[in-house]
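Residue numbers (the UniProt record's numbering), protein chains in the order written: chain P, 1 to 440; chain B, 1 to 440; chain R, 1 to 440; chain W, 1 to 440.
In short, the hints are calculated from the structure, not lab data.
Misleading hints may appear alongside valid ones.
Any copy, or any two copies together, can satisfy a pair, since identical chains are not distinguished.
What the hints assert, rightly or not - In silico lysine-lysine, BS3-like type, Cα no more than 30 Å apart, as pairs:
#1 Lys14 / Lys204
#2 Lys287 / Lys428
#3 Lys406 / Lys388
#4 Lys439 / Lys209
#5 Lys171 / Lys209
#6 Lys147 / Lys388
#7 Lys406 / Lys288
#8 Lys288 / Lys204
#9 Lys428 / Lys179
#10 Lys288 / Lys439
#11 Lys324 / Lys287
#12 Lys388 / Lys288
#13 Lys147 / Lys204
#14 Lys388 / Lys283
#15 Lys388 / Lys428
#16 Lys171 / Lys437
Protein chains: 4
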Amino acid sequence: MSSAPMLVTVDPLKPAAEQAGLMNRWHPDIPAFATVKQGQMFRIGCHEWTGGQIKNSDDSDDVANVDLTRIHYLSGPIGVEGAEPGDAVCVEILNIEHYDSMPWGYTGVFEKEDGGLFASRFNTKAAKAIWDFHGRFTESRHIPGVKFAGITHPGIIGSMCSQELLDDWNKREQELIDKHPGASPAVALAPEPKNAYVGQDLPKEVMDKIAREGARTVPGREHGGNCDIKNLSIGSRVWLPVYVPGANIAVGDLHFSQGDLELSFCGAIEMAGVITLRCSVVKDGMKKLCMNQPIFQPSPIDPNYTDQLVFEGLSVDLHDASGKTIQGSMDATLAAKQAALNTMEYLCNLGYTAEQVHLLLSAAPIDVHLAALVDVPNACATLALPTKIFDRDITPNGMGPDGFEKRDYGQAAIRSDGQRAVDIFAEKRERQEKASKAKQ
Amino acid sequence: MSSAPMLVTVDPLKPAAEQAGLMNRWHPDIPAFATVKQGQMFRIGCHEWTGGQIKNSDDSDDVANVDLTRIHYLSGPIGVEGAEPGDAVCVEILNIEHYDSMPWGYTGVFEKEDGGLFASRFNTKAAKAIWDFHGRFTESRHIPGVKFAGITHPGIIGSMCSQELLDDWNKREQELIDKHPGASPAVALAPEPKNAYVGQDLPKEVMDKIAREGARTVPGREHGGNCDIKNLSIGSRVWLPVYVPGANIAVGDLHFSQGDLELSFCGAIEMAGVITLRCSVVKDGMKKLCMNQPIFQPSPIDPNYTDQLVFEGLSVDLHDASGKTIQGSMDATLAAKQAALNTMEYLCNLGYTAEQVHLLLSAAPIDVHLAALVDVPNACATLALPTKIFDRDITPNGMGPDGFEKRDYGQAAIRSDGQRAVDIFAEKRERQEKASKAKQ
Amino acid sequence: MSSAPMLVTVDPLKPAAEQAGLMNRWHPDIPAFATVKQGQMFRIGCHEWTGGQIKNSDDSDDVANVDLTRIHYLSGPIGVEGAEPGDAVCVEILNIEHYDSMPWGYTGVFEKEDGGLFASRFNTKAAKAIWDFHGRFTESRHIPGVKFAGITHPGIIGSMCSQELLDDWNKREQELIDKHPGASPAVALAPEPKNAYVGQDLPKEVMDKIAREGARTVPGREHGGNCDIKNLSIGSRVWLPVYVPGANIAVGDLHFSQGDLELSFCGAIEMAGVITLRCSVVKDGMKKLCMNQPIFQPSPIDPNYTDQLVFEGLSVDLHDASGKTIQGSMDATLAAKQAALNTMEYLCNLGYTAEQVHLLLSAAPIDVHLAALVDVPNACATLALPTKIFDRDITPNGMGPDGFEKRDYGQAAIRSDGQRAVDIFAEKRERQEKASKAKQ
Amino acid sequence: MSSAPMLVTVDPLKPAAEQAGLMNRWHPDIPAFATVKQGQMFRIGCHEWTGGQIKNSDDSDDVANVDLTRIHYLSGPIGVEGAEPGDAVCVEILNIEHYDSMPWGYTGVFEKEDGGLFASRFNTKAAKAIWDFHGRFTESRHIPGVKFAGITHPGIIGSMCSQELLDDWNKREQELIDKHPGASPAVALAPEPKNAYVGQDLPKEVMDKIAREGARTVPGREHGGNCDIKNLSIGSRVWLPVYVPGANIAVGDLHFSQGDLELSFCGAIEMAGVITLRCSVVKDGMKKLCMNQPIFQPSPIDPNYTDQLVFEGLSVDLHDASGKTIQGSMDATLAAKQAALNTMEYLCNLGYTAEQVHLLLSAAPIDVHLAALVDVPNACATLALPTKIFDRDITPNGMGPDGFEKRDYGQAAIRSDGQRAVDIFAEKRERQEKASKAKQ
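Isolated chain P, as found in the complex:
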């Protein structure tokens, strides 16, 4: 009759690195912070991914100055009674709610060196949108004319690695780093003792080992982790592989919403909140289910935005700074980027700024499909934009005789010094106008 117990209690307005039950490394020596029975419903408080560094403000200086060694404070680990290596743990995601003290989230574009799909192409500068949570929906004063329902999910959910698996991760990622010396943004992140955190009292030598070896939380890996899958949302049910006794799952990096690709770095609507879960164990599940990585059943309550406008993209760069089309070779990443750029250019034509569309496509529930990876040399991706999230008809049917009405939508939160990323769409328009004049 009582509510589900709260196993990790978080105050989203206080720094994460002072709070118990949080952790920002994956390491088998981190003991379970709490243990649950199978079938027991429980709740876990989660900080937002930067642990409180970003403010509800109208400039992006906090994003520009973020300390990326202090991120991904996950909640846990939570042990599950009866789970043993080789089993699978089935986790039901029953709810995610924001804190009353923080009824908002944010999407960010980070500085170029921090990464993101378009970091280099745009020479990105910090930009931000604050999203107010209006019940199950969200709106942003920084991107007017848009409202959508949350497809709320944990960006990170995973089980604890074994020492053997951890060692493999560290080895293979270091090899990659070694192949790309001085890469910016970095191609992978090695273990980093600085600001490694486990919110439990551990012997110094244990904590040192964790700090020295612990896997960084940025990428998803075989155990789940930071997969940023928007449809692993409230109402879904995920099977995680078990590598250590008790499975020791951890969760965090909650997203009120996210688009496929998460195309900016910090591309979801980041939020603090409470997640409600329930676990059961499938004995010998890794073998029975041939599991190499998590498997999940999506939710019956994902928002149902069936009316979409779809933009195609191929592995041919139509948006290169040179104004030339550059031929790629069966590159799905490039195809997806082209579909995104085509969409952004289309939306800028309605009056949104380049920063706004970059943030919007990161945050809104867009679907990016890999349509075909077979027709050499061009991979084909599609980006489906839900039309009902806009307060006007953005489809071609919504044009007047002279094209779309261009509205003034203001601007996202940008750096207080006014620095902005390259507006490649404006550059393109200029090129085209020049070419058009030259012809006359």
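Start from chain P and add chains B, R and W according to the hints.
Just chains B, R and W now, with coordinates in the frame of chain P:
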């Protein structure tokens, strides 16, 4: 009151290269074979993509011996009155029906040198599944236990390129070929006079120019073309850019169904049939809609298989022949391949052969999303498998206490000499059993 | 490899009453016209429900003069091998296609005495809309501005009654007729020898018995029959109870589309065509499934018009001719009628005529739910109108500052003498304007 | 940046009749309890519909002894700035959340004299199911084997009536009562001073007038009110007619879930909670939108249970106590009841008790459509049962060779004296067995 006129008449049981109104190159000197008014509904017969080389039989020798210079006989071009360069043509896809004389289609895995997403990894050998069309549904004697509705679409639909655009295509693709001398499968296909075909009476010098310069039909490009987008299906509405007077659209390579990725070469259910279309023109549409490539609105009648089981994939190769996990770097193609391999391994565990699952995932309406391309070094893709297409419960709920019941599903059509691709899942099982014994 | 056999061949341009394999009565003495094996796919030609009395024309005189003793020429009966009384037959509806010779259908409002939900209230006069089939979509020159996908289904599908069941039907329906002497429209239809038809050579005494006793095809009954369920559509699978050896199913009255309620008499888009079916038998299925009536699983390919505008209706008459609100008592029929009238009035305000909206709501895929039957005295029904079938935004968002733009949509096909039904919405507007003036 | 203000504060564990901002009558003399600006998001606490009379227990004595003069304590009225008679108020339903102190709800079957669709047929006795809220999902210890997402909505939302409208309501409902003297259950409820409640300090003569004249909250009427429409749920947007300055809307009777029909009295999952709303005004909206009653746009986040098993029902009573089939005349209520009874009988065959299926169909998100109201004498209704809410396959595919496995699901909470309603399905089985023996 009468039916829509048939602008191209095709006999699917006769070779394509003898029939009028077909063509297998893109070139601006190909004149319109027929012209339509805006708003007029019309029908076009289409040959299947190999022009009749594949038979309804129980071996795959026809696939092994296919002549790939005789493919993609598109129907058209069809001129649209009033369309001029810079406009957009809106094409409604109103219907696609198979011929009474050919109530079946096929999916193929081609020999390694012909390509496909897994050509090298599997060292693919020809395999085939014949699909019988049962009204709006299909079933295959080569993959029992499966039935699904068609998400029927043209693999190829596009407008005619201008000479300027054609020249750009040829230049950039030749540069790519030059960078990969001797690649197998080829990275791109240069113009090829052999078997170039236009089913109209043209002066010899015009036909020679077309044969010499004409763009091959394999990849999609800015004008549309062979995009193989499964959701550009019956009921959708696509805006194509216009480069030549009349737009001169062509269409073909009909698919009764296809999965995202089209993961084998010839990965859809290839069919001959009749497509019903209707066109209108948006004056100056390329500029008004900021079109770099086609844009479309998907259909309200795509099959609604909402119940799915989803497999994750990262840019880490878990299925390498060495048995080691190989770290990639933000490679969406690799992530998608991993999701597909995880799915295949899962389905083989139910009793299907490696050939069957390869063919099935190519043909069935699977959704492949790019979940996130931001978490270095691991891109994340997901593959959503519709569960209702199977006649048993393939979700983890469908397991017994000892795992899934393994059924005998027979085999796909394979080469009559018995040669098969590498079964990497069997190899993996052997490795694992060996490792397990070594431990004891 | 061959197509499914055609068990009943129909020419839709010839009168039904001359063609073999048709029948317009339910009677156990009608023998199977053809027999199928379980699992065998087969096709059946079907005449449109009036057997060819309605023309593709621009007046409704054919509707006004229809002979209602010559309707519902069903195709069959088809015996299913192995089916015995007490079993259930599972029928898969795999496809429905129109004839090339008749690429159109129609919706009718009949004269008052023929019936329909609003026959008395509107004092209905014949009206008609011709719908052209554009592939999987339809449009009508009599109701411009509307296009929708077919949710194509047989209005009638049923198994043959036993003599015992037939006797019960005749007895109970005669009792109802006897209770309402002289009712117009009739409350039920007794057996009627005139124009009773079975397209097989039968001994005269058998045919006489059938004509004398045979159940009329108008209502649905325990065996299925004329249920007019729009979602029993292509792709669904229905279990029918079996009362006679072989089940002897019959099918007809094809509808390209229909709204819930089928609110005019002849309220669907009536069509001739070919239906593709496949049957299997569940032994002792009536008991195992507790079947009193058919059960079905709906289709994965029903059109997906999720964007809707919903109108409420209660068992209070707000549209009475007197201008007064009349209180009903928990009357779901009245509630549904009110929801329909509220919708019609709304659409008339956009410029459609009363005839057009009556026909449109009959034909388009509207959903009518019974929301609640518990809150005395008012039953509550809702009518959900798909918004995407219109070429303009009909939601309140589509209004200008002065309300909706009123367009000229022409008129439906009406009687050549110009007689029309009562326009109760015009009457209401007049009453309101009079009242408004009286106040000033 | 702050959360939405809470305009009515409710303690769900204290009696409603002591709390401010609640009311259980509709009357124009009730002043606005609070006023909001257009576009302002706000929250309102709501008591559960009996104001706290039902307990989280395992018998139904509280339901048997409920005091039905103390129900429907609505929250409000809330005035909307700028709304005037003749306008429409657009209300967005942004969220509904339960209280932490009451993480459960209940469904009830009431005693026969209290009503419900099957009150007389079953001679209903009190029964109850307690539903625990597990995030966005619910489960009941009284109906095991079932889990579903909430389609959460206010059973009651409406604007305040004018005196003129109120007088009309009272007049027409009294006339109905007068026509059915002594009816049990009552056909309608006249104004009732006993326990009339307005949680504001009002002059005695005002309160007396309200108590004497105020409309009871049981039925829905032109202004909205108790419509119990399950799809008027979180995420929908409803236009209400305005009859008094400020519109003065009130809301309550929250339902975590409900099936169409709400087929038992107290047929939803009744809950206390907080609703989040936002309002805007359409000037002269009643005329512009031809509004006779509320209009709404349904939500993009309603649960998406597309896999359904559908039961047909006709206006022929197949479940009469006599065992005879009784012919009705175009009676939609009877048709809906038959569809419900067919479904109940089917589910009892899986092992559920009659009480459990009665409660389950009331609470779960079933869809009840009126398929056709045209085929004399039989109206046709369909009941679509979502199959994915069960933890087993309840479709015919889930049967074994001898039919369904009958499981022991325990029992709902029933009266502590053990009295139960008539189990008409058991009666039917007995009749059938007797008949079957008689034949032998």
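Against the structure, the hints:
no.	hint	verdict
1	Lys14 / Lys204	within (25 Å within a copy, 52 Å between copies)
2	Lys287 / Lys428	between (53 Å within a copy, 12 Å between copies)
3	Lys406 / Lys388	both (19 Å within a copy, 25 Å between copies)
4	Lys439 / Lys209	between (67 Å within a copy, 27 Å between copies)
5	Lys171 / Lys209	within (16 Å within a copy, 56 Å between copies)
6	Lys147 / Lys388	both (9 Å within a copy, 20 Å between copies)
7	Lys406 / Lys288	between (56 Å within a copy, 11 Å between copies)
8	Lys288 / Lys204	neither (40 Å within a copy, 64 Å between copies)
9	Lys428 / Lys179	between (35 Å within a copy, 28 Å between copies)
10	Lys288 / Lys439	between (67 Å within a copy, 20 Å between copies)
11	Lys324 / Lys287	between (50 Å within a copy, 18 Å between copies)
12	Lys388 / Lys288	between (42 Å within a copy, 21 Å between copies)
13	Lys147 / Lys204	neither (49 Å within a copy, 46 Å between copies)
14	Lys388 / Lys283	between (44 Å within a copy, 24 Å between copies)
15	Lys388 / Lys428	within (29 Å within a copy, 35 Å between copies)
16	Lys171 / Lys437	between (56 Å within a copy, 26 Å between copies)
Checked against the numbered hints given earlier, this structure breaks hints 8 and 13; the rest are met.
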